[in-house]
Amino acid sequence: MSRPLALLIALVTASSLASTASAQPQQRSLTIYAAASLTEAFSSYDKAQRYNFAGSNALETQIRNGAPADVFASAAPLNTQRLYRAGIVDKPVTFTSNRLVLIVPRSNPADLHSVYDLRRKPVKLVVAGSAVPVGGYTRTVLRKMGLTSVLSKVVSQESDVKAVTGKVALGQADAGFVYGTDARPVSSQVSVIRIPAWAQPRVRYEIAVVSRSSNKAAARAWIKRLLSPIGQKALRRAGFLPIPRASR
Amino acid sequence: MDRKRFLVSSAGLSATVLYGPFVGAGSAARAAVTDDDLAFANFGVSAEFLLKDFYAKALATKRFGGLHANVLRQGRRAANNHAAALSNLLTGAGDTPPLEEDFEFAWPRRTFASAPQAVKTGLTVLRPLLGAYQSAAATSSVVDYRVLYASLGASIGQQIGALSALWAPVGAKSFPVATDVETASAAIEAYLG
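First to last, the protein sequences are chains H and W.
The working numbering applies: residue 1 is where the first sequence begins, and numbers increase by one.
The working numbering applies: residue 1001 is where the second sequence begins, and numbers increase by one.
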């Protein structure tokens, strides 16, 4: 990992920890394992809990191996459903959705104005690995648009969406696929190129109580509040989309 | 052949043309299918859902009666059949087709305020879709797909004619322009939400 990227990630982590530390005291905070794309949304929604943000696939592995989580919020149903089938989490529910966008540095050195420009121009493209939800969604978008050939222009495969965002924001890549919500916090450093609705993957976030949690009642209550109008409003404020019709 | 038997056999033939090549030909098609084949199909399914929604909303306004309403009903039925055929194609090629529920269509506020305005918007969606189907029919790597796209293009051409005849001047074109998915997508993207 390059020094500027490490610095950016350290700053993001420090700010996240600081906001958690300044939280109001509570009886006992929950340990919430959540997809990296939920970092800003969850941190500002409820500062009183302890968070572990990372790629959903990495979090799934950690929980499977006994990590002390109370709640797991994943950017793809695949990760929660696998744990559910293994009896490691309770029945997951969909709590929000998202859209993919292509981001480019503000200076736009590759002069990209459409996703199709990725095929026409020489670019340094950064994506998440295929096991990470956003990496899988990226490949779905490219397949739907008939653009899988641009994967030959990938210079780096990252472990989560924040690493993709960081590389583009720092100008270390010409373009990267991230969630719309990840572009927001770095809007002064990147420009967003929209992906047509017909090429969007079904980005569904699922959440579940970890079965061995010793704080299950509080975990269930936390999820219930997230699903309530208050929680949904907070997610919308962070740029997330409503629970899809098919999942209601 | 009496009339009833003729109608039954014609219906069977239509179903075969629409769905037949894609129901059991999945593995054969899968080997030859290209990126562009899937792009045309994905775009086509989405645009057909959009058209279905357009026809349903136009009918709901009650601004179209009698034969005019029939034109819209036939358009809605065609859009539904087209979406099913293209979804079948995608499933056969090992892909996951889009669903209607994936979209929150966004029609401009005045789209259905008058019949002429509705017709104008419908034509705005139909024309680029015809262009895309023409390109797909000309370039698809799978013969069965080309047959389907040619059929879809013909149907969309008929809809353009029928819809134009309702309110707009009928300007039949000798050579409608074929377009790529990118151009067709840009033309209707705003409606897809």
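Because the hints were derived from the structure by calculation, they are not lab data.
It should be emphasised that the depicted structure is a prediction, and the values quoted were computed from it without experimental measurement.
For every residue, glycine included, the Cβ atom is placed at its ideal position computed from N, Cα and C.
There could be a bad hint or two in this list.
To be verified - Pairwise CB distance ranges, derived in the manner of DEER restraints: (1) W:1190 <-> H:214: 36 to 42 Å; (2) W:1120 <-> H:192: 43 to 49 Å; (3) H:224 <-> W:1056: 52 to 58 Å; (4) W:1124 <-> H:229: 34 to 40 Å; (5) W:1115 <-> H:82: 39 to 45 Å.
As the list claims (entries may be wrong) - Only part of the chain H face toward chain W is listed, based on derived beta-carbon distances under 10 Å: (6) 115; (7) 146; (8) 148; (9) 196; (10) 245.
Against the structure, test the hints numbered earlier, and report the numbers of the ones violated in rising order. Hint check: 1, 2, 3, 5 fail, others pass.
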